[in-house]
Structures are given as C-alpha cells and as structure tokens.
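**Q** Sequence:
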Amino acid sequence: MAGSGGKTIGNSCILLIVIAGMERFAYKGVASNLVTYLTDVMKMSNSAAAKTVNSWCGFTSMLPLLVAPFVDSYWDRYPTILASSFLYVAGLVALTSTALTRASYAANKTSSNSSFLFWSLYLISLGQGGYNPSLQAFGADQLDSEEELPSSKDEQKSNKKSVFFQWWYFGVCSGSLLGITLMSYIQDTFGWILGFAIPMISMVTSVVVFSCGSRIYTYRESEAMDYKPIVNIVQSIKATALKLMHCRITLPNKSDVTELELQEQPLCHQNSSTNEGLVENPKSGFYVLENAKVLLRLLPIWIMLLMFAVIFQQPPTFFTKQGMTMKRNIGSKFKIPPATLQSAITLSIILLMPLYDKIMIPITRLVTCHEKGITVMQRMGIGMFISVIAMASAAVVETRRLHISREMEALGAHSETVPFSIFWLLPQYILLGISDIFTVVGMQEFFYSEVPVRMRTMAFALYTSVFGVGSYLSSLLIATVEAVTSSNGRQSWFSDDMSEARLDKYYWFLASLSALSFLFYVLLSACYRSRRDLDLDNENCK
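Note that numbering that gives the first Met the number 0 has the sequence shown beginning at 0, numbered continuously upward.
Derived from the structure by calculation, the hints contain no laboratory data. Backbone N, C-alpha and C fix where the C-beta goes; we use that ideal spot for every residue, glycine too. Careful: at least some of the hints might be erroneous.
Said to hold, decoys possible - Here are the computed distance ranges between Cβ atoms for each label pair:
| # | residue 1 | residue 2 | range |
| --- | --- | --- | --- |
| 1 | Pro418 | Arg489 | 52 to 62 angstroms |
| 2 | Cys526 | Ile362 | 46 to 56 angstroms |
| 3 | Asn487 | Pro78 | 49 to 59 angstroms |
| 4 | Arg489 | Pro361 | 46 to 56 angstroms |
| 5 | Ser485 | Ile362 | 20 to 30 angstroms |
| 6 | Arg364 | Arg405 | 46 to 56 angstroms |
| 7 | Pro299 | Leu65 | 18 to 28 angstroms |
| 8 | Thr416 | Arg489 | 18 to 28 angstroms |
| 9 | Glu406 | Phe508 | 19 to 29 angstroms |
To be verified - BS3-like cross-link-like pairs, simulated, lysine-lysine; straight-line CA separation at most 27 angstroms:
| # | residue 1 | residue 2 |
| --- | --- | --- |
| 10 | Lys504 | Lys326 |
| 11 | Lys42 | Lys504 |
| 12 | Lys357 | Lys334 |
Work the whole structure out from these sequences, hints included.
**A** Right, dumping it as structure tokens:
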C-alpha cells in the first residue's frame, strides 16, 4: 500500500475512497427512500413523486457537466471540494429542518413546506455538482504518484486505472449499501427527522475527515488558473472566423507557392509540436476547439448509454412502489422496508466484483488474449445486455403480481397487500447489480481514458451526466406514457391504485427501448477507435 513517495501516498488514496463512501451513505440515505416520503408525507401521486425524484436526480447528475470545465481550467480541486461540501451540508441541514417543521406544525402550510423541501434538495444538488467529480479527480491525482493500490498480486498485473476505479466503486457501493439498508429502516420505523439527520451527520463527519487529511494529499498545480472559459470561447470563435476570412483573401494570390509547399509536406500532422503546444495552452483557440472535438467524438457512445441510465431510475421509484403492495413480513412483527431491496444491487456488486477480477478476467484472458480479458467497450456492452434481461424479469414478476391481485378482487377480498412475496423482486435487483459491475465501472474507465489529462474532471462529469440526462429522459417517458395511456378516460399505466396500474407494460416498453439502444451501441462500438489507437497512428505517421 505504500507508494514510491512513502506510506502517506497510499494512505491518501485509501482515505479518499473512505470519504467517497461516507458521501454515498449520506446521498443514498436521502435519495433511496425519497419517493416514499413524497407519497406518504407530502401526499403526492405515484407518477408525480416518480417524476420529482427523477428530475432531482437528473439535475444532481447534470450539474457536474457544467461545473467540471471551470474546475479543470480555473479552480483548484481541493478548495472546490471544501466549498461544495459546505453547500452539500447546508442542503442536508435544510432538509432535516423541513422534516422537523412538518412534524412540529399541522399540515396547513403544505405549499410553503413543499417549496422549502425542494429548495433544500436542489441545494444538495448544487453541492454535489462540484463535490463528486472534484473528489474523484482528486483521487486520480493521488493515483498518479501511486506504485501500488490495495490489491492482490494478480490485480497488480492489470491496468492501474482499472484497479483504482474498481476499489473506488467498491467504497462507493459500500457506503450506498449502508445508506439504503440502514436509513430505509430508520425512516420507516423511527421517522423522517432522524432519517434525514443521520445522513447530515455523516456528511459533516466526512468533511472533517477530508480536512484532517490535507497534509498527506498530493496536490497538482493548475496549469490554467488564468483561463477564463467564457471569454476565451468567444475569443477562439472570433479568431477562427478571422483566420478563415484571411485564408479566403490570401490563398488565391499564393496558389503556386502553396501547391509547392503541399507537395513537400507530409500528409499527416504538420507542425505537430507547435499544435500540441497550442492545444495545451488554455489561452489559444485550439484549446477550446480540441476539447470540443474530444466531446463530439464521445457523444454517440454517451447517447447510447442513456437507456441504461433510465433503467437505473426504476429501483428508487416504481420498484419501491411495487414492493409496497407485496408481502413483506419476516416473522409476525418485522416488515421489510421496500426501499431496502435496493441494497441487493450494491450487495451483489460488493460480493461479485472480486469474482470478476479473480475468475472472469483470467478465463476471458485465455480466450481473447487481451490484457484485461475484455475491452472496456465490451464490458459496457455486456452490462447493457444484462440490464435488458433485468427489465424483462421485472415485467414478468409484475404481471404475476397483477394476476394475483385480480384473483383476490374476483373473490371479493380487497387488500392493498398482495400475498406475493417481495423477495420475487430480488432477481431484477441482482441482475441490475451485475450489469452495474460491467457498465458503470466500464463507463468510468472509458471516459477517463478517452479524454486528455487536462479534462480529467470533465471525464467524471461525462459519466455522471449520463445518469443525469437519463433521469430527465425517464421523467419525459413517464409524462408521455401517462398522457397517452390516460386519454379517453382510461386508467393510466401509473395509476395510484396499484391493482389498476400497468407497470408490467411500462417495463416491457423500457426493455424494448434498451434492447434497441444496445443494438445501436454494438454497431457504434465496431466503428469506434480509442484514443490510444489514434495516438499510435499519429506516432506512426510522424
């Protein structure tokens, strides 16, 4: 665990993984059961609560994409983490105050209380927008000085970045597991004041721990502190326009000279050293244009990953509401909180991820002769395919639940709870966990590897923005399906009466869209060339 610079470097990497886990505990402690709070306490409908949670999660995941360019070009990561954590903690304090106020006073101030609730949630989003990508990029800065990470001998042979992302994700999943299981039980059993106060305390503790570790961190000096993004974007566009106008005027007058020069110059990367210097200089027009080219090259793959993100919006929304109508008893007294089943996703990740390294990689390495067994693109594709199976499984289970519910109604038995065990939902949760091991870790490594060093924070923002846009896309799909299915006086697929809702049809709809997205992804992957391959071509061309 000690790096080349001493034992403290290894400790800094491990400490940041622990801090990331504490932050996930706080976030999942709020987000995983929020739909229950909105329907049971705030008295929202099922579809309204689902759209609210999706919109909030989408906004939270999209913000890093807006903040990252400024962190990469203008701010230092360490103060950005501290400033963002202050907003994060302030939002959690406000959220706890909302629950306390609602419990103390009668519900005659529902509208103002709801407004304060939403303000507190979006304050959390603002804090997380700068906190998460900066923290993970700061962790990658520690990795640059690491010779080893906490891993076995087999893992040390694999790519260092892959090991880092897997351990980072292991820490994140561990915090998520505790947040989902512990906080769902506390919120359903002891109330929402304590249920929101504990995540707040966890986040405050993580900030204190992060500050205490300041002496052992590796700090990378910003190479672009005087770069002003908005001004330089305008300047680069102006410079490019003037350059084109200048070329249009002067080129005809020197056609003969230009023709001779082109005959003597190689066809690839003229003045490459000069261009590389311009690309690394944030004041040059090339800087913005080259960064835009990087993002545009990744855009098709990014779009194909959106349906995977839509599927991952189902566990905290409709999967949870689905579980509330099923038999949840263990013994005569204890009832399983429906949101707790989300822990099956993170638990399957924690248990199965070591098997991925110990069993799957060595076996696939023998077959493919690839250093990592499978490529990053193949890894993401396998996860996408498994997520389609997960939605098909969810549709089959929901069809069975509806069948039992209608049989009860035919017999004259009216009950909100269907005699169908909630554990039948476990396969869809576990399959999503397995798909997570492949696609989410693959996404982190893919975006990190495909952007230049100067855009590291942006790489993590691209990863989170997939889930942000996926959340908004999920809300759009819900609104569209609700509008179509509730026309002409019919019951919506998202009816508040779960015996009338048709979530099974919605799940099949999502499975179909995901399968289509997977097919397009396979086609794009066949044509996609990695940044490493392009760099090798450039070197051969010099």
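**Q** State, for the Cβ atoms of Glu406 and Phe508, whether the hinted interval 19 to 29 angstroms holds or is violated.
**A** 25 angstroms, holds
**Q** Are Lys357 and Lys334 close enough, with their CA atoms no more than 27 angstroms apart?
**A** 37 angstroms, violated
**Q** Please verify whether Lys504 and Lys326 have alpha carbons no more than 27 angstroms apart.
**A** 22 angstroms, holds
**Q** Confirm or reject the claim that Arg364 and Arg405 have a C-beta distance inside 46 to 56 angstroms.
**A** 51 angstroms, holds
**Q** Could you tell me whether the CB distance from Arg489 to Pro361 stays inside 46 to 56 angstroms?
**A** 54 angstroms, holds
**Q** For a C-alpha distance cap of 27 angstroms, please report whether Lys42 and Lys504 respect it.
**A** 26 angstroms, holds
**Q** Could you see if the CB distance from Pro418 to Arg489 stays within 52 to 62 angstroms?
**A** Given a distance of about 28 angstroms, which is not inside 52 to 62 angstroms, the answer is violated.
**Q** Do Cys526 and Ile362 keep their Cβ atoms within the hinted range of 46 to 56 angstroms?
**A** 28 angstroms, violated
**Q** Within 49 to 59 angstroms: is that where the Cβ-Cβ distance between Asn487 and Pro78 falls?
**A** 57 angstroms, holds
**Q** Range first: 18 to 28 angstroms. Now tell me if the beta carbons of Thr416 and Arg489 are that far apart.
**A** Distance hint for Thr416, Arg489 holds at roughly 26 angstroms.
**Q** A range of 18 to 28 angstroms was offered for this pair. Does it hold for the Cβ distance of Pro299 and Leu65?
**A** Given about 22 angstroms between the Cβ atoms, the range holds.
**Q** Assuming the hint says 20 to 30 angstroms, is it satisfied by the Cβ distance from Ser485 to Ile362 or not?
**A** 50 angstroms, violated
Figure legend: structure checked against the earlier numbered hints; hints not met, in rising order: 1, 2, 5 and 12.
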